[in-house]
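A.B. asks: Chains U and F are the protein sequences, given in the same order.
Numbering-wise, the first sequence is residues 1 to 396 according to our numbering.
Numbering-wise, the second sequence is residues 1 to 396 according to our numbering.
If you are wondering where the hints come from, they were derived from the structure by calculation, not from laboratory data.
Among the hints, erroneous ones may be present.
The list makes no distinction among identical chains, and a pair is therefore deemed to hold if it is satisfied within one copy or across any two copies.
Taking lysine-lysine and the PhoX-like style, the derived pairs with C-alpha atoms no more than 20 Å apart in a straight line are [said to hold, decoys possible]:
(1) Lys80 with Lys92
(2) Lys22 with Lys53
(3) Lys195 with Lys4
(4) Lys4 with Lys160
(5) Lys292 with Lys79
(6) Lys73 with Lys22
(7) Lys385 with Lys53
(8) Lys92 with Lys4
(9) Lys195 with Lys154
2 protein chains.
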Amino acid sequence: MNYKFSDKVTGLQASAIREILKFTALPDVISFAAGNPAPEAFPSEQIAEISRKIMTENPIAALQYSISEGYPKLRETLKKRLIAQGVMNPEKDDLIITSGGQQAAELSCKVMLNEHDTLICEAPSFTGCLTSFKSYNVNLVGVPLLDDGMDIEKLKDTLKSANSPKLIYVIPNFQNPTGICTSEEKRRKILDLAKRFDCMILEDNPYGDIRFSGETIPSVKSFDDGENVIYAGSFSKVIAPGLRVGYVCAPKEVISKITVCKQVSDVHTNIFAQMICDEFVNNYDFEGHLKKIREIYRKKCSLMIEELEKNVPDSVKFTHPEGGLFLWGTLPDGVDMKGFCKAAVEKKVAVVPGVAFMTSETLPTQSFRLNFSTPRDEQIIKGCKILGDVSREFIR
Amino acid sequence: MNYKFSDKVTGLQASAIREILKFTALPDVISFAAGNPAPEAFPSEQIAEISRKIMTENPIAALQYSISEGYPKLRETLKKRLIAQGVMNPEKDDLIITSGGQQAAELSCKVMLNEHDTLICEAPSFTGCLTSFKSYNVNLVGVPLLDDGMDIEKLKDTLKSANSPKLIYVIPNFQNPTGICTSEEKRRKILDLAKRFDCMILEDNPYGDIRFSGETIPSVKSFDDGENVIYAGSFSKVIAPGLRVGYVCAPKEVISKITVCKQVSDVHTNIFAQMICDEFVNNYDFEGHLKKIREIYRKKCSLMIEELEKNVPDSVKFTHPEGGLFLWGTLPDGVDMKGFCKAAVEKKVAVVPGVAFMTSETLPTQSFRLNFSTPRDEQIIKGCKILGDVSREFIR
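Please construct the entire structure, taking both the sequences and the accompanying hints into account.
C.D. replies: Rendered as C-alpha cells:
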C-alpha cells in the first residue's frame with residue numbers, strides 16, 4: 001500500500017545520532033557519540049531501596065491511574081526547589097511533570113505554534129528537540145551560537161525579519177552539543193528581545209545541576225516577571241534517564257494548555273518513577289549525590305580535554321565546558337568534516353557529525369560532538385589517540 | 001500577557017470526565033465515573049517481587065536510556081502473542097512500545113493526518129482519544145454505534161461524502177463508553193470499506209483480554225493482509241495503568257513513522273516498567289492472572305446490572321457488556337440527561353454525561369456512562385439505589 005502520511009512527518013527522519021549509535025552497538029567501537037549518563041552516576045542502590053519501600057508500603061498508588069499534572073508530592077518538591085532558585089514565580093507560574101525533558105519541549109511547541117510559524121533556536125542545537133519541532137511542521141530558524149551564547153545582533157535581525165516568531169529555544173547551561181554557557185548579560189538580552197517582540201522563550205535546562213567549575217548563572221526565567229519564559233528541567237541527567245521524569249514550569253495559562261495536551265498524549269507520566277524521584281530528592285542525600293556526579297563528570301571532562309590536547313593538532317579547536325556531558329570540536333576550514341567522522345568510526349571511535357545539530361543537515365559546519373560521560377577512562381585515552389591519528393590524516 | 005496559543009489547542013478543553021472526577025475526589029462520593037481498574041486486580045505482590053529482582057540483577061539496564069522502539073525482550077514477547085492471535089502479520093508488520101494505549105492513538109493520528117483531514121469514529125467513543133485527535137485539529141466525524149458496532153450504511157455514506165477520510169477509529173471489544181462489541185460480520189465490513197476507500201483503521205483494543213462472557217471475536221486486524229490496520233493494545237487494564245505501557249502493531253512503514261514521532265515525543269517509554277511487564281507476562285502466571293481479573297469484573301458487572309434492574313425504572317435502558325469496565329445507560333427521550341447527572345452527583349453518585357463521548361459536546365444524547373470496575377460492591381449497591389431514586393425523580 002502507498003501510505004499517505006501527514007505533511008508533518010513525511011520528511012521526518014530518525015536522528016543522525018541514532019544512525020551513528022548503530023555503529024556504537026558494535027562491541028569494539030569506543031562511543032563518544034551517545035549522551036548517556038555514566039552508569040556509575042546512577043544512585044542504583046538507593047533507587048532499589050526506594051522501589052522496595054514504595055512497593056511494600058504503597059503499591060496501589062504506584063500502579064493506579066494518576067492525574068496528568070503529576071504526583072502531587074513531587075510537584076510540591078519541585079516547586080519549592082524552583083522557587084528557592086528564583087526560577088518559579090509562585091504568583092504567576094505553575095508546574096507539570098512530563099515524561100522527560102523531551103516531552104516538555106514537544107508540548108511547548110505543540111501549544112504555542114501553528115504549522116509554518118517560526119521557532120528560533122541556537123545553531124547548533126539539540127537534535128532531539130529540533131526534530132520534535134520539525135514534527136509540528138514549524139519554520140525552524142537558527143541563530144549562530146557564539147562562545148557566550150546566541151549572536152544577539154543576529155537574533156534581533158531574525159526577530160525583525162521572520163514572520164512574527166513565536167518561540168526562542170535556548171539551552172543556556174552547557175548546551176547540547178557545544179557545552180557552551182550563555183552569559184548572564186546575554187540571558188538578559190535574549191529575554192528583553194523576546195519581550196520586545198512579544199515572543200516566548202523555551203529555556204531547556206537538563207544540565208544545570210551538573211556544573212563542575214565556574215560560577216552558577218541565574219536562569220533566564222529568574223529574570224522574567226512570570227510571563228515570557230517556559231522552563232524545562234529533567235531528572236534524566238541527575239537521577240536516571242530510563243525513568244523518563246522531567247518537568248515544565250511556566251505561566252499558569254501555558255501550563256493549563258500543556259496539561260490538556262499531556263493528558264491526551266500519555267495521560268500521565270509513570271507514577272512509580274515519579275514517586276522514586278520524589279523520595280530520592282527528599283529523603284536521601286540528593287545534594288551529596290549531585291556533588292558526586294559533578295566530580296565524576298569534572299574528571300572525565302578534564303581527562304578528555306587533556307588527551308585531546310596531547311594527541312590532536314592545535315588547529316582543531318575544542319570547547320572547554322564548565323559542566324554538562326559534551327564538548328564540541330571544530331576542524332580547520334577546508335577539512336572534510338563528514339569524511340573525518342566516517343574515518344573515525346572506521347577506526348572504531350564514534351563521534352557525531354555537527355550537521356546533526358543544524359536546522360537543516362545541508363547547512364555547512366566544520367564541527368562534531370564529543371561526549372565524555374559515557375566512555376570509561378581507558379576508552380577516553382584510547383579514543384583520543386585515535387582521533388589524533390585521524391586528525392593528522394585529514395589535516396596536512 | 002495575552003498568550004497566542006496554536007489553533008490546535010485554542011479550543012481544547014480538559015475532558016468532561018476530568019471535571020466530573022473532581023467531585024469524585026470528595027470522600028463521600030461514590031464514583032461510577034472513573035475508568036480505573038479495581039485495586040484488587042493489580043498483581044501488586046508479583047510486581048514488588050519483579051521490581052526487587054530487576055533492581056538487584058540489572059539496575060543499570062532499567063535506569064539507562066534505551067531505544068525508542070522499546071525494550072527488545074518485551075517487543076519479542078508481544079510479537080509472539082500477537083502472531084499467535086493472528087493480529088500480527090510477521091512478514092508485513094512491526095511493533096513498538098508506547099507510553100500507554102493513549103500514546104498509540106495520538107501518534108497514529110499524528111503520522112496519518114494533516115490538520116482538517118477527516119477522522120471517522122464511533123459515536124459515542126472514548127473521550128481521551130477524541131480529544132487527542134482534536135489536538136491535531138482534525139475533522140472528527142462520528143458514525144452512530146448500534147448494538148453490534150457502527151452503522152455500516154452511515155459509515156459508507158460518510159466515507160463517500162467526507163473529503164477523503166484518512167482514518168477510522170474503532171474500539172471493537174467492550175467499547176468505551178458503551179461496553180458494546182462489534183460483531184465479526186461488521187468487523188469484516190468495516191475493513192472492506194476501509195480498503196475500498198483507501199483509508200486506514202485504528203483498532204484500539206485495551207479491553208480485549210477482559211472478556212468475561214461470550215465468545216472471543218477475532219480482531220479487525222486479523223482479517224487484514226497487513227496493510228490497512230493499526231492495532232493498539234495496552235497493559236493498563238491487565239497489569240497496571242500507572243506503569244503506562246502500551247503498544248502498537250502496524251505495517252512496517254507506519255511503525256517506522258510512529259517510531260520517529262515517539263522518539264521526539266518522550267524518547268522511549270519508562271524502561272523499568274517495560275521490564276516489569278515482560279517479566280510478569282513471561283515468568284509469572286499471566287493467564288491465571290487474566291482469569292482472576294475477568295472473574296472480578298464479571299462479578300462486579302453482574303452486581304451492577306442486577307442492582308440497576310432492581311432499582312431503576314425499566315424505561316432507562318442499559319447495555320449488558322460481555323467484558324471491559326463500562327456500561328452505558330440511556331434515559332427515555334425528553335428526560336433531561338445533564339440534569340440527571342447533576343442531580344446524581346449532588347446525591348453523591350458520579351456518572352459521566354454522554355456528551356463527553358460525542359465528537360462535539362453540543363450533540364444530543366440521552367446516555368451516560370457507568371463504570372463497574374472501580375467501586376466496591378457495597379458502593380455499587382448503594383450507588384444504584386441512589387440512581388434509582390434520581391431516575392424516578394426525573395421520569396414521571
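A.B. asks: Now tell me, hint by hint, if it's right for this structure.
C.D. replies: Hint check:
1. Proximity of Lys80 and Lys92 under a CA criterion of 20 Å is satisfied intra-copy only: 15 Å inside one chain copy versus 51 Å between copies.
2. In the homo-oligomer, the alpha carbons of Lys22 and Lys53 never lie at most 20 Å apart, since the shortest distance is 38 Å inside one protomer and 29 Å across protomers.
3. When the C-alpha separation of Lys195 and Lys4 is checked against a cutoff of 20 Å, the pair qualifies only between copies, where the shortest distance is 14 Å, while the shortest distance within a copy is 40 Å.
4. Taking the shortest Cα distances, Lys4 and Lys160 sit within 20 Å of each other only across copies (18 Å), while inside one copy they are farther apart (37 Å).
5. Taking the shortest alpha-carbon separations for Lys292 and Lys79, neither the intra-copy value of 24 Å nor the inter-copy value of 42 Å comes in at or below 20 Å.
6. With identical chains, the CA atoms of Lys73 and Lys22 are at most 20 Å apart between copies only, with a shortest distance of 18 Å across copies and 39 Å within one.
7. In the homo-oligomer, the alpha carbons of Lys385 and Lys53 never lie at most 20 Å apart, since the shortest distance is 47 Å inside one protomer and 40 Å across protomers.
8. In this assembly of identical chains, Lys92 and Lys4 lie within 20 Å of each other by CA distance solely across copies; the values are 17 Å between and 43 Å within a copy.
9. In this homomeric assembly, Lys195 and Lys154 come within 20 Å of each other (Cα to Cα) only inside a single copy, at 16 Å, whereas the closest approach across copies is 52 Å.
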